[in-house]
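Enquirer: Letter by letter, the chains look like this.
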Amino acid sequence: MKENVVVIGGGVAGMEAARQLLLLGYNPIVVEQQDHLGGHVAQWNCLFPDMASAGDLVRNLGDGITDANIFLETRVTFVNRLQEGYLVMLSNGVNIACRAILVATGFKLFDAARKEEYGYGVYDHVVTNADLESWFNGNTSDRFPEAPRSIGFVHCVGSRDLKAGNSQCSKVCCITAVKQAIEMKERFPDARVFCFYMDLRLFGKKYEDFYIRAQQEFGIQFIRGRVSEVGETLDGRLQVKAEDTLSGKPLKVQLDLLVLMAGMSCNPDVADLARMARLDIDSDGFLRSRDNLGGINASNRPGIFYAGACTGAKTVPEVLAEARSAALAIHRYMTGR
Amino acid sequence: MIERFSSGFHPFVLPFLAGMVFVLGYCVYGIVRILFQLTGEDRRRFFLSLVTPRTALKNVKDIFCDCLLHVKLWKRNRMLGFMHSSIAFGWFMIIVLGHVEVMLFLPERIRLFYYPIFFNFFVAETDSTIQGSLLFFLMDFFLLVILIGIALAMVKRVRSRLFGMRRTPRPSLLNQIGLYSLWAIFPLRLLAESFTAHISGGSFLTIPANWVFRQFLGNDLNMLPTWWAYSIALGVFMSVLPFTRYMHIPAEMMLIPMRNAGLKVRNARKGFARVQVYSCPNCGVCIDACPMSVDKANLKDCTVYLTRQMRRGNERRIAEISDKCLLCGKCEAVCQVGVEGPKLRLLNRAERKYAVKADYSGIPAASLAEAAKGGKVLYYGGCMSQLVPSVGRSMESIFRKAGVDYTWMDRDGGVCCGRPMLTAGRLEEARKIVRKNTEVILGSGAETMVVSCPICYKMFTEEYALPGIRVVHYAGYMEELLKEGLLVPSRSDLCYVYHDPCELGRGCGIYEEPRRLLGKLAGIAEAEKNRAESVCCGGSLGSLTLSFAKREKITRAALENLYTSKADAIATACPLCTATFARYADRPVRDLAEIVDRQTVGKLKLETI
Amino acid sequence: MTDFGFKLSKSATLDLDKADTGLYERLCSLEPDARICMNCGSCSATCTAAPFSGMSLRKVILGLQRGQDVRPMLQGCMLCGKCSMVCPRGINTRHLLLTLCRIYD
Numbered sequence: 006m007k008e009n010v011v012v013i014g015g016g017v018a019g020m021e022a023a024r025q026l027l028l029l030g031y032n033p034i035v036v037e038q039q040d041h042l043g044g045h046v047a048q049w050n051c052l053f054p055d056m057a058s059a060g061d062l063v064r065n066l067g068d069g070i071t072d073a074n075i076f077l078e079t080r081v082t083f084v085n086r087l088q089e090g091y092l093v094m095l096s097n098g099v100n101i102a103c104r105a106i107l108v109a110t111g112f113k114l115f116d117a118a119r120k121e122e123y124g125y126g127v128y129d130h131v132v133t134n135a136d137l138e139s140w141f142n143g144n145t146s147d148r149f150p151e152a153p154r155s156i157g158f159v160h161c162v163g164s165r166d167l168k169a170g171n172s173q174c175s176k177v178c179c180i181t182a183v184k185q186a187i188e189m190k191e192r193f194p195d196a197r198v199f200c201f202y203m204d205l206r207l208f209g210k211k212y213e214d215f216y217i218r219a220q221q222e223f224g225i226q227f228i229r230g231r232v233s234e235v236g237e238t239l240d241g242r243l244q245v246k247a248e249d250t251l252s253g254k255p256l257k258v259q260l261d262l263l264v265l266m267a268g269m270s271c272n273p274d275v276a277d278l279a280r281m282a283r284l285d286i287d288s289d290g291f292l293r294s295r296d297n298l299g300g301i302n303a304s305n306r307p308g309i310f311y312a313g314a315c316t317g318a319k320t321v322p323e324v325l326a327e328a329r330s331a332a333l334a335i336h337r338y339m340t341g342r
Numbered sequence: 002m003i004e005r006f007s008s009g010f011h012p013f014v015l016p017f018l019a020g021m022v023f024v025l026g027y028c029v030y031g032i033v034r035i036l037f038q039l040t041g042e043d044r045r046r047f048f049l050s051l052v053t054p055r056t057a058l059k060n061v062k063d064i065f066c067d068c069l070l071h072v073k074l075w076k077r078n079r080m081l082g083f084m085h086s087s088i089a090f091g092w093f094m095i096i097v098l099g100h101v102e103v104m105l106f107l108p109e110r111i112r113l114f115y116y117p118i119f120f121n122f123f124v125a126e127t128d129s130t131i132q133g134s135l136l137f138f139l140m141d142f143f144l145l146v147i148l149i150g151i152a153l154a155m156v157k158r159v160r161s162r163l164f165g166m167r168r169t170p171r172p173s174l175l176n177q178i179g180l181y182s183l184w185a186i187f188p189l190r191l192l193a194e195s196f197t198a199h200i201s202g203g204s205f206l207t208i209p210a211n212w213v214f215r216q217f218l219g220n221d222l223n224m225l226p227t228w229w230a231y232s233i234a235l236g237v238f239m240s241v242l243p244f245t246r247y248m249h250i251p252a253e254m255m256l257i258p259m260r261n262a263g264l265k266v267r268n269a270r271k272g273f274a275r276v277q278v279y280s281c282p283n284c285g286v287c288i289d290a291c292p293m294s295v296d297k298a299n300l301k302d303c304t305v306y307l308t309r310q311m312r313r314g315n316e317r318r319i320a321e322i323s324d325k326c327l328l329c330g331k332c333e334a335v336c337q338v339g340v341e342g343p344k345l346r347l348l349n350r351a352e353r354k355y356a357v358k359a360d361y362s363g364i365p366a367a368s369l370a371e372a373a374k375g376g377k378v379l380y381y382g383g384c385m386s387q388l389v390p391s392v393g394r395s396m397e398s399i400f401r402k403a404g405v406d407y408t409w410m411d412r413d414g415g416v417c418c419g420r421p422m423l424t425a426g427r428l429e430e431a432r433k434i435v436r437k438n439t440e441v442i443l444g445s446g447a448e449t450m451v452v453s454c455p456i457c458y459k460m461f462t463e464e465y466a467l468p469g470i471r472v473v474h475y476a477g478y479m480e481e482l483l484k485e486g487l488l489v490p491s492r493s494d495l496c497y498v499y500h501d502p503c504e505l506g507r508g509c510g511i512y513e514e515p516r517r518l519l520g521k522l523a524g525i526a527e528a529e530k531n532r533a534e535s536v537c538c539g540g541s542l543g544s545l546t547l548s549f550a551k552r553e554k555i556t557r558a559a560l561e562n563l564y565t566s567k568a569d570a571i572a573t574a575c576p577l578c579t580a581t582f583a584r585y586a587d588r589p590v591r592d593l594a595e596i597v598d599r600q601t602v603g604k605l606k607l608e609t610i
Numbered sequence: 065m066t067d068f069g070f071k072l073s074k075s076a077t078l079d080l081d082k083a084d085t086g087l088y089e090r091l092c093s094l095e096p097d098a099r100i101c102m103n104c105g106s107c108s109a110t111c112t113a114a115p116f117s118g119m120s121l122r123k124v125i126l127g128l129q130r131g132q133d134v135r136p137m138l139q140g141c142m143l144c145g146k147c148s149m150v151c152p153r154g155i156n157t158r159h160l161l162l163t164l165c166r167i168y169d
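Protein chains in written order, with this note's numbering: chain H, 6 to 342; chain P, 2 to 610; chain W, 65 to 169.
The shape of chain H in the complex, shown without the other chains:
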């Protein structure tokens, strides 16, 4: 009889962890709120730094967990502490007794409409990074002009922003903006493309290469200044105001499309789970790991483990690596080693 491990969240973290748990001889039960696996990544088109297909990644991960129990469109309704382990009750009526739970609840994409000054939901041609990926995936929308002459990307929308309730950096937006800027320039070679940034945080492998390509091959203009206002000109184009902090002058530019790089904020649904299982929440709203060095997978409760963006903003490779280490941590916990 294989031992149950409940994996809450069927994004890439939950999928990879489930795959590893299967290999280690456990019976992972993946509980996913939505009607598909893969979470946010499943909505994306392609991923930095190799421009690999996001769909392929999710499919590969899915192939690895065909033997696992997967409950889609299901929520955790209650978590009960048992003598040894937990009883997890699901919204579909299934109750699962297990010794270990893996929380892989991920993040919530920041709602760009909360930054009123950017006019998301007010101006048609103001879209988010997620809208753009969806458009890359072939979902047409009249919010994307046919032949944009100029396109802008705003970094840090809802990240590093106390007013938006997220003071942390979302880590992936800088490189995503560079990636998407290149992709747009490839589609519209004549368009001028601007990236408005506060700091370019291109820390990962190959990220700097991306940056150089964006400058060298694609002529993307990087402007160091946070956009503060988006207005409309008389002929209906977007007018963006920022400060060009490097020349120390106010700057304005007319655009046909403005892409807001919405950041990662904590998943608000986690609050219920945290209350039921008495998990600590960190000051940024994300779940608090036991420590942020060696104990990143461990929670403050025995038998409950974390993987992925539920503890903070992370890139896909980081999430996958964490999922594997979480599976090993669970294995160590189960075998008492």
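Read the hints as simulated data drawn from the structure, not as lab findings. Accuracy of the hints is not assured; some may be wrong.
Claimed, not checked - In the EDC-like style, the derived pairs of lysine to aspartate or glutamate whose C-alpha atoms are separated by at most 16 Å in a straight line are: (1) LYS265/P to GLU42/P; (2) LYS354/P to ASP169/W; (3) LYS374/P to GLU448/P; (4) LYS604/P to ASP413/P; (5) LYS551/P to ASP97/W; (6) LYS374/P to GLU341/P; (7) LYS257/H to ASP413/P; (8) LYS325/P to GLU95/W; (9) LYS521/P to GLU481/P; (10) LYS358/P to ASP133/W; (11) LYS265/P to GLU341/P; (12) LYS344/P to ASP360/P; (13) LYS358/P to ASP169/W.
Just so it is clear, the structure is predicted and the values come from calculations on it, not from any experiment.
Assemble chains P and W onto chain H, guided by the hints.
Expert: Only chains P and W this time, still in chain H's reference frame:
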């Protein structure tokens, strides 16, 4: 009625007499000083109002209703109203009746002003004074009324919630002395009058009490100590009165005529301001009203503490309290005596000196005016509207739909209206901004100016002189467009709760236009606290020092108030409120213009179909 | 300064060893938030006064850190408060500006 002492004097009246002379002297000195602090014109206006029959009559009526009957308190809470009016009116009646007694029976003693107070000690009843029994009855009756009031006051000390108050100010030591001596006065009077009731006569309270006392205290010598105690209680009360909140009793009688004379506070510390400070009765209604007091924070920063610190002259705290306030005006709206808390704070801010003076010579007013030319209607969105683009965008759409010939004055950024500078207390710099804008607006050639931000609207209507230009708030303007049929409404199923922005509601008295407008377009619900008691969104520019984190709590509390309406969405008429609420609201927050734009079709368009 | 009929051209280098940052330190003691500015430029981008006077709160704070005279910029401020609305670090920019105008010597 005959006199028991031919001298008409007994040493026990001395404590009372000393207190009385002191308090009268203090008040006369105070009044003279305040009158001298007024500007010449204000002083003339004040004296003129005193002899103008209409204002003089209003003064008497207001003093009677506000100081004695506490009419406004009754409206707030009946228990609170009864408590205050029973003590104030009862005491007033006892003093009046005392004088009536003296005038009736011993008119030659009316010049001794302790006589009416201690009348029952100095006289003995004779058969001829049976006509006084009505007066004796009334005396006992009003004493009973006061005693009930005092009993309620004692209950209020422990259970203020019964009186509709969650928080009451902590009384200082002198205030406590004043309070306890006030509480002691009337039971002691009852005792004193009871001990002498078999000589002086009495009524339903004093005669039975006298009978009870005589059963076990047969000795007449007992009466003197109680009269001494009564006099001492009065003396103590009156000698601490100028240093306690009870100073509001004489001060309010000065405040009412000054207000009726149309005087304005011009200086933070002098003249009318001083009268207001002393008129604060420390009732603490403003503590619960203050939006900053959420989560028991900033409790000591509401108006009752401002007046206290201003009396003490604690400059550090005065500056702190003055700077922190959101200037939402709610304390003033609920204040029973009409202390203008926000105004006092603003003037305290204005006392500050700044080394760097503003210089707006770089603003090219002439060319801005040139750019604003063209339309009959000049639209001014204000600075904050640029951070809430839906407002300006909706206004433009509305103008176009209705076929209005308009120009958007600050489409590409404009000059601030000057109110933020004004509320920071930099009045001279604010005037410099006003001059610039006036030049632009007058130069634009427009007939009507539509303003969508209530902060700016208040500024334009109060501080600008714009001859020939009608300044109108956008709610009223949009209502006109609907009335004229230029916009045709189509109702939404959504139910909105309307949030009264401070500057629009309490600031400009506009409560109904936005509601009427909204009512034509969608469902409308009311929050628990609305209109004049609406809760500030917390984003107000009025506060200079409140941190972002503290504002968040205020905003969340204001949202909770709006949620009580169970509406689907929040509507408001201020870009600052919209931006502030949108940060934390769990339901959509929309500006009036946005709703009007969504729910109307232009007449022109309808005709072409 | 006495006019000698000629001027010594100022060095183009910011010499941090010689920069007088006394005013900045005084400002920070009164407004500790002055230290957390990350120079993002939001305030300057949204500033109502910027188009007329070159006002930039970001440059004001930076200028003080470098010991420069920032008065010409301060004089253009209308205190409209947009900068306090957009500051991602939640700095109370209006009070910071008021304090600076008050303590400038």
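Enquirer: What's the verdict on LYS354/P and ASP169/W, does the C-alpha distance respect the 16 Å limit or exceed it?
Expert: holds (12 Å)
Enquirer: Given the hint that LYS521/P pairs with GLU481/P, test it: the Cα-Cα distance must not exceed 16 Å.
Expert: With Cα atoms ~13 Å apart, LYS521/P and GLU481/P stay inside 16 Å; holds.
Enquirer: Given the hinted pair LYS374/P and GLU341/P, is their Cα-Cα distance within 16 Å?
Expert: At roughly 40 Å apart (the allowed maximum being 16 Å), GLU341/P and LYS374/P break the hint.
Enquirer: Hinted pair, alpha-carbon criterion (16 Å max): LYS604/P, ASP413/P. Please report holds or violated.
Expert: Measuring from Cα to Cα gives roughly 29 Å; hence the hint is violated.
Enquirer: Holds or violated: LYS265/P with GLU42/P, Cα cutoff 16 Å?
Expert: Holds, at roughly 11 Å.
Enquirer: Is the hinted pair LYS325/P and GLU95/W satisfied, with a Cα-Cα distance of at most 16 Å?
Expert: This hinted pair holds, its Cα atoms lying about 15 Å apart.
Enquirer: Tell me if the straight-line CA distance from LYS374/P to GLU448/P falls inside 16 Å.
Expert: holds (11 Å)
Enquirer: Would the hint linking LYS551/P and ASP97/W be met if the CA-CA limit is 16 Å?
Expert: Given that 16 Å is the threshold and the Cα spacing comes to 15 Å, the pair holds.
Enquirer: Taking 16 Å as the top limit, are the C-alpha atoms of LYS265/P and GLU341/P close enough?
Expert: holds (10 Å)
Enquirer: Within a Cα-Cα threshold of 16 Å, do LYS358/P and ASP169/W meet the stated pairing?
Expert: holds (12 Å)
Enquirer: Straight-line Cα separation of LYS358/P and ASP133/W no greater than 16 Å?
Expert: Roughly 15 Å between the alpha carbons, so the hint for LYS358/P and ASP133/W holds.
Enquirer: Keeping to a limit of 16 Å between CA atoms, is the pair of LYS344/P and ASP360/P held or broken?
Expert: violated (26 Å)
Violated hints, listed in ascending order, are 4, 6, 12; each of the other numbered hints is respected by the structure.
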